[in-house]
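Once you have looked at the hints, place chain C on chain S.
As you go down the protein sequences, you meet chains S and C in turn.
Position in the first sequence (from 1) plus 929 gives the number in my numbering.
Position in the second sequence (from 1) plus 1 gives the number in my numbering.
Take these hints with a grain of salt, some might be off.
[Claimed, not checked] Under the rule of at most 25 Å between Cα atoms (straight-line distance), these lysine-lysine pairs were calculated in the PhoX-like manner:
#1 S:LYS1000 / C:LYS16
#2 C:LYS346 / S:LYS962
#3 S:LYS1070 / C:LYS16
#4 S:LYS1005 / S:LYS931
These are calculated hints, taken from the structure and not from any lab test.
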Amino acid sequence: MKLRMQITKENGIRFVSHLEYMRTIERAMRRAKLPIAYSKGFNPHMKFSLASALGVGITSQAELLEIELVKDIELKAVLQNLAEALPLGIHVKAADVVDSKTPKLMASVAGADYYVQVPCTKDCLEQLHSFNTAASVLFQKPIPKGRGKTKEIEVKKFITQVTGNFINNNLELKFSCKITPTGSMKATELLKILRDQFAVPIVVEQADIERTDLYAVNAKGAKKALIGKSNFI
Amino acid sequence: MRKKISLDILSTVEKPARYTGMEFGSIIKTQEETEVAIALAFPDIYEVGMSYLGFKILYHILNLQAGVAAERTYAPWVDMEAKMREHALPLTSLETMKPLQEFDFVGFTLQYELSYSNILNMLDLGGITMLAAERGEEDPFIIAGGPCVFNPEPLADFIDFFIVGEGEEVMVEVMNLYKEWKKAGKPDGRSEFLRQVVKISGIYVPSFYEVEYLSAANKDVPMGCIKEVKPLNEIAPAIVQKRIVKDLNTIDFPTKPIVPYGEIVHDRIMLEIFRGCSRGCRFCHAGMVYRPVRERKPEVLKELARRSIDNTGYNEISLVSLSTADYSCLEPLIHDLIGEFKDDKVSVSLPSLRIDSFSVGLAKEVQAVRKSGLTFAPEAGSQRMRDVINKGVTEEDLMSAVGAAFANGWSHVKLYFMIGLPGETDEDILAIANLAKAVQGKYKEVTGKGGAKVTVSVSSFVPKPYTPFQWVGQNSLAEINRKQMLLKDALKIKNVTYQYHDSVTSVIEGVFARGDRRLGKALYLAWQRGAKFDGWSEHFSYENWLKAISDAGLDKDFYATRERAQGEVFPWEHIQPGISRAFLWNEYQKSKSGELTGDCRNGDCVGCGACPTLEAKIIDWKSNAL
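Just chain S, same shape as in the assembly (with noise of 0.2 Å):
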């Protein structure tokens, strides 16, 4: 049996690296006593999974996490005892359990949503809307650890459309971005885009990220989710 979650990254512990953020979550589960299995060998590991890593300095109400369990659990009872071992700034949305052999999240997950909020001089509808409509847009995306070294790549692929509203000298911008076996993109890579390929005017460093959904899709191409919502949370 697996134990499946949304759990939020709230805005006081953004900077939480997704290293610190899992030392965190299985912290947590210990002090709930969840029957979780671990790996066997000289450094026994607990088994769970996120389904996409977030960057840092980013929040979101949608992290999707799986555990292994060894035995049955009622779930209700599971959750009363997870949340008041969760820190401040982490809190369960929803919650599911799926049998043993239902596929990875990590190799579900199609896609995940984003809201930004980001200060910006003017009104740039009309840039976005060459976004919207270009038919390329090559990227440099740095490969990790590679000194410096990038690849290209192209953004369309990713992420098509970014809708956006702009009120009080602030940019409001919700966008879908794939994510692949072989690859995603950052919600910052697509700010630095906009600001140096699409003249949108926004410090990049202010910009309040937050991801709001991760999904599967189905074969026509539309949202599935991961996780059925358990009415009690």
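Chain C in isolation, oriented as in the chain S frame:
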């Protein structure tokens, strides 16, 4: 006005989670719940400060009190400090993000002398008037405690009062007094509070004392030394005696410490198994000032361990004390803990090992992953020198310990030594290299093959107050450098790694360790000219410190390298840890002939004075059970 640290600042500094708090177990009280607010201030970065057990204890004890809100603050790293100064952001606590200036108390811990510049920097960043004498009614009381409180004089200008000794009880008394005084409308202002708080035992108010210096040499005591330290009023005690908790089993211990998000230096449960150490190593400050030995009961420890594991989710528990292998019931305790926590995947660790095969046996038992080496501290290379410092360890002990380690599969040992010890000769230095070779030889003898890795780590000795070596002149910088090089040449041995510390930091550490209150000026000047994070060698500027000391009209050698006469009055003698001067002097004399002094814990009383002075006794559960 509370200004929030903005996203763009946090996204450009190193490890921003240091500054955002919200960890599991942090305690945030509302304004309505708070009658008195204290910021526990650690003068180093978050990862270091969060590992300090003393503040875990005080945070817990203080927050248990109704009306008391204890919060935390740490020194921002230099990148963050630059941003804070650029945007006029004050240093705040992590809990309520309140600027230090708005607290009732800011309490610093004095862990090491080289953190003093950070204290000044944090006061400045927190918007607090730097000099105690100039502070107004709106300023918090700046207080300090910790190991260096046994010579607080270099900080006398900056600290309103010091807490001498163990804080669990006295801190609560201070908070209660403050609540009363505040409720009464703070009658007669902060000077009146000082007059009231000094009546609590263990409180030292430096402004209530006047220090008179010798204007001419007095026999063998040179000019400039202290003539007399006099209380300026009749309420300040002539001697401030340290406070201790007589029985650790009767006080609360934190079993729900804060669990940080990021990795800190000691990222595990720290279970304090006893206080004090009576082995009597003559260089050791902690061994002298934390007497007597008081153990927690094994049953109490097991209960604390269980609760800590359940509350934190940590998977490691470290049994901490000054000398963990000396805990009277260590073996059964470890067995019980390992058995109890087996299913929880919790490991037990020991912070230090005694040099004997018993300790190696324990290490084997507790260490699941055996890749890392074992560490031993013979402290000196020659038997003569180990006798001088009363280490009580022979070469045979070391050989049997490393032999046991090698037989159990270890192939790497780390050995700690000091150089610059009193009466040290070049032969004593070279004996360190010989010992390293003998350890490698032992490996061959035990395993039949070569290739044992030996790391020799050498620090330079700094004489500390309230040790038998408080009279000793510290080796000069040139002498330490010469000895370091002598040893470097002698340690050009295959598979031996030699590590040594920057000698210049030891000079400044030495000056402040045995300094007087005139050094406050030097500290202030050094800080003004940029001193901070002096314990981090990349930030330490020896030139800045030398200039600050000489601009304050002082001489570093007067404090560091000068041998003191028997009759000299020391700047710290009105603050007492309970160890008699006669005992320390006698120990110093015995050191000269290499005469050993035993451990009173299982033998005769050595007459240090701690038990009668503090009206306390040794608590050791093995002897109690007999």
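Results for each hint:
1. S:LYS1000 / C:LYS16: The given pair, whose Cα atoms are some 38 Å apart, is violated under the 25 Å limit.
2. C:LYS346 / S:LYS962: Measuring from Cα to Cα gives roughly 12 Å; hence the hint holds.
3. S:LYS1070 / C:LYS16: Distance of about 24 Å is within 25 Å: holds.
4. S:LYS1005 / S:LYS931: holds, 15 Å
The structure fails to meet hint 1 from the earlier list, while all remaining hints are met.
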